[in-house]
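Chemist: Below are the chains, spelled out letter by letter.
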Amino acid sequence: MTSPIEIEGAVTSSALDKEGAPQGDAKEPKKLEGRSPGQLMWRRFKRDKTGIISAFVVLFFFLIAALAPVITKLYGKDPYTFYGQDDPTLLNEFNLPAGPNGGMSPEHWFGIDPNYGRDVLAYLLYGMRTSLGTALLATIGMVFIGIVIGLTAGYFGGKIDYWLGRLIDFMLALPNQLFMVAAMPVIVTVFVAPDEETPTIVRFLAITGVMWLLTWMSLARLIRAVTLSLREREFVEAAKVAGASPWRIIRKELLPNLVTPIIVQGTYLLPSTILSVAFLSFVGVGYQDPTPDWGLMFATAANIYEQDPTYMFFPGVAMVVFVVAFNLLGDSVRDAFDPKTGR
Amino acid sequence: MSILRSRTAQATVAAAAVGALALTGCSSGSKDSNKPAGKSQEEAKAQAKPVAMGTAQDSVGPAKPVAGAKKGGTVQVYQEADFSHLDPGQIYVSDAGMLSKLLYRGLTTYTENEKGDQTVVGDLATDPGKSSDGGKTWTFTLKDGIKDQNGHVITSADIRHSIERLYDPFLTDGPTYIQQWLSGAGTKYREAYKGPYKGKHLPKTVLDTPDDKTITFHFLEAHTDVPQALAMAAYSVVPEKTDTKQKYDQSPVATGPYKVASYKSGKSLSLVRNDNWDEKTDPLRHAYVDGWNIEFNHDKADQTKTILADRGDAKNAIMFTGQVDATQLQKITSDKAVMKRTIQGYAPYVWQLNFNMDRVKDKKIRDAISLAMPATSVARADGGAYGGDAATSLMSPTTPGYDAKYDPFNRAKKPNGDIEAAKKLIKEAGAEGKKLVYAYANTPVRTTQANLIINNLEKIGLDIQKKEVDQATWYEQMGKVKNGFDLYMTGWGQDWADGNTVFPPSFDGAQIQDGASNYSHTNDEHVNSELGRIQKIADADQRASEYAKLSKYISEKINPAAPIYYTKVFQIAGSNVGGLRYGQVVSYTDPTTIYLKK
Chain A
161 MTSPIEIEGA VTSSALDKEG APQGDAKEPK KLEGRSPGQL MWRRFKRDKT
211 GIISAFVVLF FFLIAALAPV ITKLYGKDPY TFYGQDDPTL LNEFNLPAGP
261 NGGMSPEHWF GIDPNYGRDV LAYLLYGMRT SLGTALLATI GMVFIGIVIG
311 LTAGYFGGKI DYWLGRLIDF MLALPNQLFM VAAMPVIVTV FVAPDEETPT
361 IVRFLAITGV MWLLTWMSLA RLIRAVTLSL REREFVEAAK VAGASPWRII
411 RKELLPNLVT PIIVQGTYLL PSTILSVAFL SFVGVGYQDP TPDWGLMFAT
461 AANIYEQDPT YMFFPGVAMV VFVVAFNLLG DSVRDAFDPK TGR
Chain L
4 MSILRSRTAQ ATVAAAAVGA LALTGCSSGS KDSNKPAGKS QEEAKAQAKP
54 VAMGTAQDSV GPAKPVAGAK KGGTVQVYQE ADFSHLDPGQ IYVSDAGMLS
104 KLLYRGLTTY TENEKGDQTV VGDLATDPGK SSDGGKTWTF TLKDGIKDQN
154 GHVITSADIR HSIERLYDPF LTDGPTYIQQ WLSGAGTKYR EAYKGPYKGK
204 HLPKTVLDTP DDKTITFHFL EAHTDVPQAL AMAAYSVVPE KTDTKQKYDQ
254 SPVATGPYKV ASYKSGKSLS LVRNDNWDEK TDPLRHAYVD GWNIEFNHDK
304 ADQTKTILAD RGDAKNAIMF TGQVDATQLQ KITSDKAVMK RTIQGYAPYV
354 WQLNFNMDRV KDKKIRDAIS LAMPATSVAR ADGGAYGGDA ATSLMSPTTP
404 GYDAKYDPFN RAKKPNGDIE AAKKLIKEAG AEGKKLVYAY ANTPVRTTQA
454 NLIINNLEKI GLDIQKKEVD QATWYEQMGK VKNGFDLYMT GWGQDWADGN
504 TVFPPSFDGA QIQDGASNYS HTNDEHVNSE LGRIQKIADA DQRASEYAKL
554 SKYISEKINP AAPIYYTKVF QIAGSNVGGL RYGQVVSYTD PTTIYLKK
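Which chain is which? The protein sequence lines are A and L, in order.
Per the numbering used here, the very first residue in the first sequence carries number 161; after that it's consecutive.
Per the numbering used here, the very first residue in the second sequence carries number 4; after that it's consecutive.
Since the hints were derived computationally from the structure, they do not count as laboratory data.
Owing to the predicted nature of the structure, the values given are computational and were not obtained by experimental measurement.
We put the CB at the ideal spot given by N, CA and C, even for glycine.
Be a bit skeptical, because a hint or two may be false.
Chain A stretches covered by chain L per the calculated footprint, using a threshold of three residues with CB under 8 Å from any CB of chain L [as the list claims (entries may be wrong)]:
#, stretch
1, 238-245
2, 251-262
3, 438-451
4, 463-474
If you want a taste of the chain L side facing chain A, the calculated C-beta under 7 Å gives, among others [claimed, not checked]:
#, residue
5, Val363
6, Ser380
7, Arg383
8, Asn419
9, Asn454
10, Gln468
Going by beta-carbon spacing under 8 Å, a handful of chain L positions derived as facing chain A [claimed, not checked]:
#, residue
11, Leu332
12, Thr379
13, Leu455
Next up, chain A with everything else stripped away, as it sits in the complex:
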């Protein structure tokens, strides 16, 4: 009984991704160990190099964003101080960084920004923190409402499905970004007294709220479609016959089967939400200076890219790397859950 192991070793040494799958099967008869879909997914995912690298990149971004206060403390700069105002030699007569390459120096590793002379590294870290935080919260909200509405519509069907379907259609018909641009100032005016500054928390809630309201629909539709097909399956029928309550069926029978689309869609939603949040700030309705924000950096950079191209470099590269990594991660996660789809 030793030969299969030897054969298996020989196969894996030259194996590609696809041949990897039988490897698990080959082990099974030996240990006779049951694996949950989650474990299977994890094993498949671990073998996808792109996925692992992307996951590390994404993790790195979240880590530095979360640890921004610690990092800037060690680095000795903070994103709110106008270094250019304290030391007028940092900015030239056009209020642009006086030093070469956007004012990069041992003091300011990534240079300083125009007009204010803030430290770009500190600002970028805090900006990422703002953007990622906002986008993460908005995405969680979207996923949650998408699951609730999709499941409700799919499971109960009939009139409930019809009206929720119309609601989804209606929301989809709203022009997304235009609506945000129009709604943001209104929301801000409604919640803030005329002689008080708009607190950043109001902007934060308004941005997450608007994003949440306008982007849950596609996920809800998907969940509804999957639920519809699951509803007719035998195990659900069996649960119904056994007298399980709708709540129990949804929780114990349907939800576990929906984990795959939810996680996959979630990983796609997050990077696009980050871009949308940045877009809002870029067009001037999102966060406002002096709140550090990724989108604001692009707004500034777009104005001065001819004189100070360096300023665009770090936020630009960071954004591209992050969004690409996150999308690749999404692909890998999907492949891992559903190896049949292939690429």
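Based on these hints, arrange chain L on the given structure of chain A.
Modeler: Quick look at chain L alone, frame taken from chain A:
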């Protein structure tokens, strides 16, 4: 005049991160940040000289020729937006003011020599006016042979009509100096007379035309700067027979060297020669070129790049009220050949941070804020060193009486604010953590400036609430007496080189009402009585020194507004344009001396 057009760079949309990455490379910086750039204040002195009173001899045409000038060609002008008005009675904004130099003539006008010394001379009149009765009565005599574009000879009836129509309620946007001097301050003059369109004239005791050539103004009080006031575009002649009231705004009748050939509202305006204009009657205008082609909808960046590229029509282009875009400054100022095509000068505007005197009552707080003002960075945020200079006092370098050494808030030594001194004052006032509302217009430049200022004000221990206000309604909202804000920036510039057009509009307590330009609501007995006294002083130099004294009193004893910066003008023209010079009167490129080299 208040600055109605924002000097803001339009935020350019687009430029995705990926696309821009390709452009990202190494950029060299310039280290010499302390080198003075742009126009120095020395050179603004010419503008600050009181306007000299010309003689009948000065008022005779033709104007002194420009060396090397040639006739012919069409000048191209790129403008950001359409002129809000063509009707001279509605012109108070610089855009249309430039145009009025080409289209219209009034009783008086200014000439200036190479040094920029201004002289007020007769334009339609034979001299800049004769005063009698201690300055209460002014008499003008018209020159012979002045015709409008239809060949109609201008008579004193036309002049009377031009003044009278300004009383009609449909004309709202022009200045009100002459009307108020004739018939009462505030809106009283509107009640006294409703305009000439119903057949009634102003009584002969107010405005008299003894014969076809003579017109006499009888003012309520003595005034010394009547010729300067009459030189404003709004007092240009509107021939009575061809006045079409509201429609006049679309098709005005020209008396100047050019007339409107075609006007496509919001798109373009082209001017051709007015054959009835006789250069022998005109002491100011040259009219070397055959026509003007003015195109609208070119923003600042667009204008700058087009003229900088210097191809095709752009070779013949000048800017009217456009400015070199801040993003192009570095490129232009480092190129000597291009710099030859530019003009620079001081614009008359002073930007100041007004304190709402009804709300910020403690002078120590006002002083502290004035001291903490990061004037240099704020000025640089608006076009770098070529866009403005830190302001030391409320008087512009272009206003007679300006004293460069007078620096009550220590701007010279502490260009970005004296935080320590300000902190001490706030402590003395016991105002740490005091809540103040700072209002700003929501354009990129004003937002940046607001952040710079607030950063310093928070350092000295104030709690600043930032409120953004729509740019389009900015002056309207700030003009309200109960505007609800504590701090707000406004810009004001003289209508002509005299304190009379700066201090009374800005600091006269009697003028406080909705829409008035006393934005800080200054109402001090001493200031009010001094303003009344100084306005009556006949001698311009003495008036200037009195205004300088008053300016010091206002800054030191009341401090209703912190001076921030003086604005500068930096314009570029095409390579084929000759006679390019900075006009002290228009404070932009002088349109009357332009010719084309080829």
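Chemist: Run every hint past the structure and note whether it holds.
Modeler: Against the structure, the hints:
no. : hint    : verdict
1   : 238-245 : holds (count 3)
2   : 251-262 : holds (count 12)
3   : 438-451 : holds (count 5)
4   : 463-474 : holds (count 10)
5   : Val363  : 13 Å, violated
6   : Ser380  : 6 Å, holds
7   : Arg383  : 4 Å, holds
8   : Asn419  : 5 Å, holds
9   : Asn454  : 5 Å, holds
10  : Gln468  : 4 Å, holds
11  : Leu332  : 6 Å, holds
12  : Thr379  : 7 Å, holds
13  : Leu455  : 7 Å, holds
Checked against the numbered hints given earlier, this structure breaks only hint 5.
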